[in-house]
Amino acid sequence: MIPDEARDAPRTDVTTGEGTAQVRVIPAAGATAPRGTLLLGHGAGGSRDAADVLALGGLVEEGWTVVLVDQPWRVAGRRVASRPASLDLAWQDVMVALADPGWQETYAPLPRPWVVGGRSAGARVACRTSVAGAGPAVAAVVCLAFPLHPPGKPERSRAEELLLPLAAGLPTLVVQGTRDPFGGPEEIAAAVGSERERLTLVPVPGAHSPSRDLATVRAAVSDLLSALP
1 MIPDEARDAP
11 RTDVTTGEGT
21 AQVRVIPAAG
31 ATAPRGTLLL
41 GHGAGGSRDA
51 ADVLALGGLV
61 EEGWTVVLVD
71 QPWRVAGRRV
81 ASRPASLDLA
91 WQDVMVALAD
101 PGWQETYAPL
111 PRPWVVGGRS
121 AGARVACRTS
131 VAGAGPAVAA
141 VVCLAFPLHP
151 PGKPERSRAE
161 ELLLPLAAGL
171 PTLVVQGTRD
181 PFGGPEEIAA
191 AVGSERERLT
201 LVPVPGAHSP
211 SRDLATVRAA
221 VSDLLSALP
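Count the sequence shown with full-length UniProt numbering and you get residues 1 to 229, in order.
Hints in this document: simulated from the structure, not taken from any laboratory.
Some hints could be false.
[Claimed, not checked] Here are the simulated distance ranges between beta carbons:
no., residue 1, residue 2, range
1, P111, R156, 34 to 40 Å
2, S226, A108, 21 to 27 Å
3, R11, R79, 16 to 22 Å
Glycine included, each C-beta is placed from N, C-alpha and C at the ideal position.
Using the sequences and the hints given, assemble the complete structure.
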């Protein structure tokens with residue numbers, strides 16, 4: 001389920017105001033007509049490449065170019081993630097750099113529409129920056145294991161971040177482990193309230209690393225992308 005292209009794609013440095021980020025571009029496969037570009041960010045800890053993120057590299061078979069983004073703190077080898085504002089600024093700088101025609105001519109074309117997403121902290125970044133107005137317009141948001149709150153602290157909800165793309169009318173997907181200590185599917189549904197009808201929520205087995213059913217993870221994202229105009 002995890003294509004070699006996702007594991008082995010070369011990293012390209014991208015200069016940001018927060019330090020050097022890196023991207024790996026996995027081009028759409030074969031003669032498939034280009035459908036768009038999916039840009040994915042990582043979480044704040046754990047392995048460098050989570051299985052659920054890597055599995056989405058298989059979407060190149062459906063005409064999507066997949067871009068895996070490493071934040072500057074991770075490229076620098078630090079163990080602790082940067083603060084949210086720094087993560088957002090770096091992500092926006094990467095988006096602007098990759099949208100430049102000169103960059104695409106040198107490295108790889110990145111067809112529109114652009115969909116942004118990530119797992120855990122990367123999902124938060126995608127939600128916050130999707131409506132920030134910096135960089136290219138975003139067509140949809142993909143959240144893998146959205147961390148609704150710290151474990152055991154539901155009062156510290158981050159629902160307002162998830163509500164940002166929903167309130168802006170962006171198609172938004174959350175793939176959430178049924179035993180996620182950062183908030184299970186039922187908590188996600190309750191937290192978005194009246195915006196629930198705008199959200200596609202897909203429960204999968206697992207905790208905060210919903211990788212036990214990679215086929216469902218990929219299918220959920222594929223369905224979202226296929227529904228885009």
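Exercise. Could one say that the CB atoms of R11 and R79 fall in the range 16 to 22 Å?
Worked result: For R11 and R79 the Cβ distance comes to about 19 Å; the hint holds.
Problem set entry | Range hint compliance [Cβ, S226 to A108, 21 to 27 Å] | holds (23 Å)
Exercise. Taking 34 to 40 Å as the hint, is the beta-carbon distance of P111 and R156 inside that range?
Worked result: For R156 against P111, whose Cβ atoms are near 39 Å apart, the range 34 to 40 Å holds.
In this structure, none of the earlier numbered hints is contradicted; all agree with it.
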